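S.K.: Listed below, chain by chain, are the residues.
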Amino acid sequence: MFDLKGFGDLLWAGTLVTIELALAGLLVGLVLGLLGASAKLSPFRVARWLASAYTTLFRGLPELLVVLLIYFGASSLLMWIASGFGYDEYIELSPFVAGVTALGLAFGAYATEVFRSALQAIPHGQREAALALGMGRWLAFRRIVLPQVWRLALPGLGNLFLVLLKDTALVSVIGLEDLMRKATMAVGYTKEPFTFYLAAALIYLALTALTSAALHRLEHYANRGYRGARA
Amino acid sequence: MSWDWSVIIEHFPRLLDGAWLTLQLVFLSALVGFLLALPLALLRASPNRWLQALPYAYIFFFRGTPLLVQIFLIYYGASQFEGLKQTWLWPILSEPFWCAIIAFSLNTAAYGAEILRGAIQAVPRGEVEAAQALGMSKPLMVRRIILPRAFGLALPAYGNELVLLLKGSALASTITLLDLTGMARNIIARTYTPVEIFLTAGVIYLLLSFLLFGGFRWLERRLNAHYH
Chain A
633 MFDLKGFGDL
643 LWAGTLVTIE
653 LALAGLLVGL
663 VLGLLGASAK
673 LSPFRVARWL
683 ASAYTTLFRG
693 LPELLVVLLI
703 YFGASSLLMW
713 IASGFGYDEY
723 IELSPFVAGV
733 TALGLAFGAY
743 ATEVFRSALQ
753 AIPHGQREAA
763 LALGMGRWLA
773 FRRIVLPQVW
783 RLALPGLGNL
793 FLVLLKDTAL
803 VSVIGLEDLM
813 RKATMAVGYT
823 KEPFTFYLAA
833 ALIYLALTAL
843 TSAALHRLEH
853 YANRGYRGAR
863 A
Chain B
56 MSWDWSVIIE
66 HFPRLLDGAW
76 LTLQLVFLSA
86 LVGFLLALPL
96 ALLRASPNRW
106 LQALPYAYIF
116 FFRGTPLLVQ
126 IFLIYYGASQ
136 FEGLKQTWLW
146 PILSEPFWCA
156 IIAFSLNTAA
166 YGAEILRGAI
176 QAVPRGEVEA
186 AQALGMSKPL
196 MVRRIILPRA
206 FGLALPAYGN
216 ELVLLLKGSA
226 LASTITLLDL
236 TGMARNIIAR
246 TYTPVEIFLT
256 AGVIYLLLSF
266 LLFGGFRWLE
276 RRLNAHYH
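As they're listed, the protein sequences go chains A and B.
Everything in the first sequence is counted per my numbering, starting at 633 for the first residue and increasing by one.
Everything in the second sequence is counted per my numbering, starting at 56 for the first residue and increasing by one.
In case anyone wonders, no lab produced these hints; they're calculated from the structure.
Note that the structure is a prediction, hence the values are computed from the model and not measured.
C-beta atoms are modelled at their ideal positions from N, C-alpha and C, and glycine is treated no differently.
Be aware that one or more of the hints could be misleading.
[What the hints assert, rightly or not] Not everything, but these chain B residues come out facing chain A in the computed CB check (under 8 Å):
#, residue
1, Val124
2, Gln135
3, Lys222
4, Thr236
5, Pro249
6, Val250
7, Gly257
8, Leu261
[Said to hold, decoys possible] Heads up, simulated DSS-like pairs for lysine-lysine below, C-alpha to C-alpha not over 27 Å straight-line:
#, chain 1, residue 1, chain 2, residue 2
9, A, Lys823, B, Lys140
10, A, Lys637, A, Lys823
11, B, Lys140, A, Lys637
Construct the entire structure; sequences and hints are all you get.
M.R.: This is the structure:
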């Protein structure tokens, strides 16, 4: 039924790029999410307002639009900044960097909300106790608050990662050699769009299924010691 | 960096045309998707394991694969089957508009089915038992007690799903449709002003999503008014 006509290697190479893109976007998104959550809970009104604008913006804009905007717009923005420093050469953003930035920004906007609600669920007393014991603010955050935030945020973040994994397909639109783009190339040669797009779909399905299973085990591990916590 | 307002003003009407197509895509797909999601959700909520399995496979496929792949499968994939070109389906499947509607509907039906299933299972058992005690038949109970209650419970999540549908509709531009994103790319191909046009399109998307979200909040308040 499935004759990939020798394009299996091509699809595999594309799959690897897809995974790279997803992991890189995850990294950027997690950092942005933590920053955003801290800003939302900060005592400074400017920080709260900026974080609010960030989440509203990137939760309301289509991811495809953000990818296109960053890919086509970032070069002009970067060139404008660089010319202020006297650098007048042509700056171009690779599709990979544009994709990671766009997907990371979108992930970070949703992750801000996940982290914020997780942070707010940690009893305040624990942090106060840590400070009373003489722990520095950063140490208290790193050793007391963050491990617990991790457990509470994991389901939400896991969901967001699955969405991220699927959104990587969008970056094929700006020419990144990911799974989707390789599939399109194969279609161009073989004129069998259904076969190859179905193959790509099944590969994405395998990726999401594997990720879901891994997330399930991670959640189990993170909840060890919490009897009956998650009914 | 120069900001060109004239480009925005000059091409704004065309962006609005694109926005109109986007709204058409969203509303039609939401409607068809909802009509599909309802039976799927009822099947999924059934205690019979065999009845659960088929919808589960469908939902698994459409939630596990990117929307872009689904669109390409339907629009480009249909052309692989020579036999299809002879049938009455071909005029529909060769039109990007209908392919987009089909893809969006199937996709939102999968997510909607899960939302509705959760809502159906969240209907308070007391109300169901009261209906059974009154001797209501199953179909009557579903129609008059369970579904209305479930709709009210599902509204917040469904509103969210509608906004996600709006964002997903941007993918219609990848199969040559001139929706808001497609129109924006079309304009930029001529004027070379990506930042201005994409940002304007973005603002229009934000306005549309505010409107949709606001509409749902209003519906939520009206339907759930007497449940507090």
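S.K.: Can the hint on Lys222/B be confirmed by a CB-to-CB distance to chain A that is less than 8 Å?
M.R.: holds (4 Å)
S.K.: Mind checking the CB of Thr236/B against every CB in chain A and telling me if the closest is under 8 Å?
M.R.: holds (6 Å)
S.K.: Mind checking the alpha carbons of Lys140/B and Lys637/A for me, to see if they're no more than 27 Å apart?
M.R.: holds (24 Å)
S.K.: Checking hints one by one. Is Val124/B an interface residue toward chain A, by the C-beta closer than 8 Å rule?
M.R.: holds (5 Å)
S.K.: Does the structure keep Lys637/A and Lys823/A at a Cα separation of 27 Å or less?
M.R.: Holds, at about 11 Å.
S.K.: Mind checking the CB of Pro249/B against every CB in chain A and telling me if the closest is under 8 Å?
M.R.: holds (4 Å)
S.K.: When you check the alpha-carbon spacing of Lys823/A and Lys140/B, does it fall within 27 Å?
M.R.: holds (15 Å)
S.K.: Would you settle whether the hint for Val250/B is holds or violated, based on the nearest Cβ-Cβ distance to chain A being less than 8 Å?
M.R.: Holds - the Cβ of Val250/B comes within 8 Å of chain A, reaching about 4 Å at its closest.
S.K.: Does the CB of Gly257/B sit less than 8 Å away from some CB of chain A?
M.R.: Since the shortest Cβ distance to chain A is 5 Å, the answer is holds.
S.K.: Quick check on the hint: Gln135/B CB to chain A CB, less than 8 Å?
M.R.: With a closest approach of 4 Å, the Gln135/B hint holds.
S.K.: Next item in the hint list is Leu261/B. Is there a CB on chain A closer than 8 Å to its CB?
M.R.: For Leu261/B, the interface hint holds, since the closest Cβ of chain A sits about 5 Å away, which is under 8 Å.
The structure fails none of the hints (numbered hints given earlier).
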